[in-house]
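Asks: Here are the chains, one letter per residue:
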Amino acid sequence: MKLSFRNILKSLWQRKLPRLSLILLGLLGLMAINASWLASSTPLYAVYQDKTYFPILREIWPLNHLDLYPELQSIEWNNLDKKSLILPLIPYSPDDYDLDAILEAPSLKHPLGTDDQGRDLLSRIIHGSKISLSVGFIAVGIYVSIGLLLGALAGYFGGKTDFLLSRLIEIVICFPTFFLILTLVGVLERSLFYIMLAIGLTGWTGIARLVRGEFLKLKNQDFMTAARTLGLSDTRLIFYHLLPNSLAPVLVSATFGMASAILIESSLSFLGFGVPPPTPSWGQLLSSARGFMDMAWWLALFPGLAIFLSITTLNLLGEGLRDVLDPKLKRV
Amino acid sequence: MGTYILKRLMIFPVTLFGITLITFFVMKLAPGNPVATKMQAAQGLQSEALSGEVYEQTLKLYGLKVDLPKSYENFIAWSTKIIHGRDSKESPPFTRKALYEIGQATFQYITWLKGLAQLNFGSSLKDFRPVWDKIKEALPITLILNLISLFIVYFVSIPMGAYSALKRGGLWDQTTMILMFFLYSLPSFWIATLLLVYFAEGDFLGWFPLGGLTSDGAEVLPWFQQLGDFLWHLVLPVIAMVYGSFAFLSRFSRSVVLESLHEDFVRTARAKGLNKSAALWKHAFRHSLIPLITIMGTLLPALLGGSVIIEQIFNIPGMGRLAFESVLARDYPTIMAIATLSAFLTLVSLLLSDLSYAWVDPRVKLEQKSL
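In the order they appear, the protein sequences are chains Y and F. Under my numbering, the first residue of the first sequence carries the number 126, and numbering increases by one thereafter. Under my numbering, the first residue of the second sequence carries the number 6, and numbering increases by one thereafter.
Warning: the hint list may mix true and false statements.
As the list claims (entries may be wrong) - Sample of chain F residues at the chain Y side, in silico, Cβ under 10 Å:
#1 Thr20
#2 Ala35
#3 Tyr189
#4 Leu191
#5 Phe194
#6 Gly325
#7 Ala328
#8 Leu355
#9 Leu357
#10 Ser358
#11 Leu360
#12 Ser361
#13 Tyr362
#14 Ala363
Said to hold, decoys possible - Quick list of in silico lysine to aspartate or glutamate cross-link-like pairs, EDC-like style, CA-CA up to 20 Å:
#15 Lys33(F) with Glu314(Y)
#16 Lys141(Y) with Asp178(F)
#17 Lys207(Y) with Asp192(Y)
#18 Lys86(F) with Glu106(F)
#19 Lys12(F) with Asp287(Y)
#20 Lys344(Y) with Asp287(Y)
#21 Lys75(F) with Glu106(F)
#22 Lys172(F) with Glu264(F)
#23 Lys207(Y) with Asp221(Y)
As the list claims (entries may be wrong) - Simulated coverage check for chain Y against chain F, where a stretch passes if three residues somewhere in it have a Cβ under 8 Å from a Cβ of chain F:
#24 267-278
#25 286-295
No lab work stands behind these hints, which were simulated from the structure alone. Here a beta-carbon is modelled for each residue, glycine too, at the ideal position from N, C-alpha and C.
Let the sequences and hints guide you as you build the complete structure.
Replies: Okay, here's the thing in C-alpha cells:
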C-alpha cells in the first residue's frame, strides 16, 4: 500500500479508537478556530437604527485589525431590544465579569459555572483551547523542522558531521527539559511565541535521532544506490528520496509530542509562566482555581478535564498511527 | 567491548564541555543585567545612584566582570592599531569593543569553569548564600523522593506488565492497558491539586498534611515517630509523582517479557515440562530484567524534571523548588549550577546504563557504529 496522507487517514478511520480520536481532535480544532464567534458577548447579527450589522466580524481575526463599524464602538449591546439581536451560542466573552454572578455552580445560564469574578467558565475554556492547540501545533512544527534537518544531515553525511551532531543531541538530552523551558520562558518576557520557541528548541532531539536512524538504515538500500548512480545531487537525494521514506516514525512521534507540548504549556501556565493575562489558558484557569477549591469544585474539574481530554485524544491518535504505520510493533 | 567502553569514556568529557558551554552562553545572552536590577531595587530605583566603583565591585563579585590578563590587553591594543592604524582610549573603535567583549566572555567562562571544578558555584543573587550550600540542602530531599518513587514504580509496574504478558489479551491485560493509558494522560499538577484538596487538611478527608516535610515540633519526637511523620508527609507527593511512570514502565515490561517469552530458551523450558508461570518467572522474567534495569538511566531524568511542579505544589524544599524559585528571582548563578549539575548527573546515569548494558549483553558492541 502506498503510504500517502489519504491512505493513512483511511486506515485510521477503519479502527474504532483512532476514529474516535480523529473526531474528537477535529471537534477540538473547530472549537479553537471558531472560538471568537462561539463564545462572545458581541452579537452575530444586530439591527440598530434600522440598519443591519454583523458586529461579530469585529472580533474575528484578521478583520479585528480593520476599523469596522466605527459608529458601533460605544454601544452597550445589553441595552438593545433582544428581538433585534442574535447572540453567539455562549453569549459571554471570556473577560466579561459579572459581579452579581460570582462563583455560580453550573446551571443552564452558565453551563460550567462562573469564577470568582463572575466570568463564564465555558467561554474561558473555549478561548483557552486556542492557546493550547496553537502551542501544540507550532511548537511541534518548530521542533520537527529542526529535528528533520539535523537528523537528515547527521544520517546522510555521517563521519564528522554525524559525530558533532550526535554530541549536540546528547548535550541537549542531558538538560532536564522542563527546567530548561522554565528558565528560557522565565528569563525572557512572557509571550506565547517564546513558549512555543522554548518547547521547540528543547524538543527536537527525539525526532533528530529517529530521522538519523532511518537514514542510516535507508542509505545503503538498492533504491538509493540506483538514485546515486543516476547522479542526483545530495539535496535531491535527501529531500526527494530519503526524507519521504523516513517520515512515518516522525509522524507518530510528532503526535505524541503535541500531547506533551500541550501538557508543558499548561504546566507553565499553572506555575505562572504562561501567556500573560487576560488571555485565558487552561493551566492558568486551574491555577487560579486553587484558591476556591472547597467552594467551587467546577473551577478545578472542567479545565483539568479539558487538558486531560486533549492529551488523551492526541495520545490515542498517536497509538493508532503507530499501529497503522508500523505493523512490526503491533505484533508485540 | 573494550573499544566501546573506551570510546564512550573518551566522549564523556567532550559532552560535559558542551554542557558547560551551552549553560554559560545561554545565561550570558539572557536580557537584563541581574546585578543592576538588584542594586536598583536595593537603592530605590535610582539608576544614577549606582556609583561606578560599587557597581564594578559587585559585578566582579558575581563573576560578571573579570580583570583581563595583561597579555590579552596588549593583544587588543595591538590588533586595534593594526586594523584602525591608531588606538585611542577615549573613543574606542568597534574592533576594540568587540575584542574586549569576546575576552570578557571567554575569561568569565574560564573563571566559572575553575570554580565548577572546585564545586564553587558562586553565591546566590537572591539571598547571597553560597549556591553549593543551597544545593547540598535541597539535593538529598529530591533524591529521597525520587528513589522512593522509582522503587514503587518498579515494584508495582514490572509484575503488572509481566502478568499482562502472560495473560495476553485477557481481561486483566485489557483493563490495565486502558487504565494505564488514562493515567498516563492525566496532568500531574491537576492530580496533585485534587489530592491536596480532597485528602489533605481540608473540608473533605483530612488524612494527610498540606505540604512540607515535617510537622511542627517533630524534632522532639523519638526517631521512629519522626520517620513516620516524614513518610506521612511524603504519601501524596509520591502518589502524584509515580502514577504517570506506571503506564510507561508496565507497558515496557509487558513488551519485553512478551518478547522473551518467544525466545528459544523459554520454549525449551516449556518443552522440558515446566508450567507456564514457572517458565515466566524463572526464565523469561530474569532475561527481561536486563533492559528493565538499564532503562532506569532514562527514567531518572524524567522524574527529576517532574519534581519541579510536584515540589512546588507540595511545598517540599528540594531541587525542584530551588530551581523554580531561582528562575522566579532570576538568580543566574543558582540556575547555572542546577542546570550544569543535573545535566552532569543525567550524563553519568546514561553512561552507566549504556555501559552496564554493554557489559550484560555483549551483542551491544555491534552498535558501535551507531554511537
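Asks: Quick check on the hint: threonine 20(F) CB to chain Y CB, less than 10 Å?
Replies: Holds, about 5 Å.
Asks: Does the nearest C-beta of chain Y fall within a distance shorter than 10 Å of the C-beta of tyrosine 189(F)?
Replies: holds, 7 Å
Asks: Checking hints one by one. Is leucine 360(F) an interface residue toward chain Y, by the C-beta closer than 10 Å rule?
Replies: violated, 15 Å
Asks: Can the restraint linking lysine 172(F) and glutamate 264(F) be considered satisfied, given a maximum Cα separation of 20 Å?
Replies: Measuring from Cα to Cα gives roughly 14 Å; hence the hint holds.
Asks: Assess, step by step, whether the Cα of lysine 75(F) is no farther than 20 Å from the Cα of glutamate 106(F), and give holds or violated.
Replies: At roughly 15 Å apart (the allowed maximum being 20 Å), glutamate 106(F) and lysine 75(F) satisfy the hint.
Asks: Hint check: lysine 207(Y) vs aspartate 221(Y), CA-CA at most 20 Å. Holds or violated?
Replies: holds, 19 Å
Asks: Verify the interface restraint on alanine 328(F): the C-beta must sit less than 10 Å from at least one C-beta of chain Y.
Replies: Hint on alanine 328(F): holds, closest Cβ of chain Y at ~5 Å, below 10 Å.
Asks: Below or equal to 20 Å on CA atoms is what counts here, so check lysine 141(Y) against aspartate 178(F).
Replies: Holds. Lysine 141(Y) to aspartate 178(F) sits at ~19 Å (cutoff 20 Å).
Asks: Is the Cα-Cα distance between lysine 86(F) and glutamate 106(F) 20 Å or less?
Replies: holds, 17 Å
Asks: Establish whether the coverage given for the segment 286-295 of chain Y by chain F is satisfied; the threshold is a Cβ-Cβ distance below 8 Å, and no fewer than three residues must meet it.
Replies: Per the Cβ count (4), the hint holds.
Asks: Answer holds if the nearest beta-carbon of chain Y is closer than 10 Å to that of phenylalanine 194(F); otherwise answer violated.
Replies: holds, 5 Å
Asks: Is it true that the CA of lysine 12(F) sits at most 20 Å from the CA of aspartate 287(Y)?
Replies: Roughly 15 Å separates the two Cα atoms, so the pair holds.
Hints 9, 10, 11, 12, 13, 14, 17, 24 from the list above are not met by this structure, while the remaining hints are.
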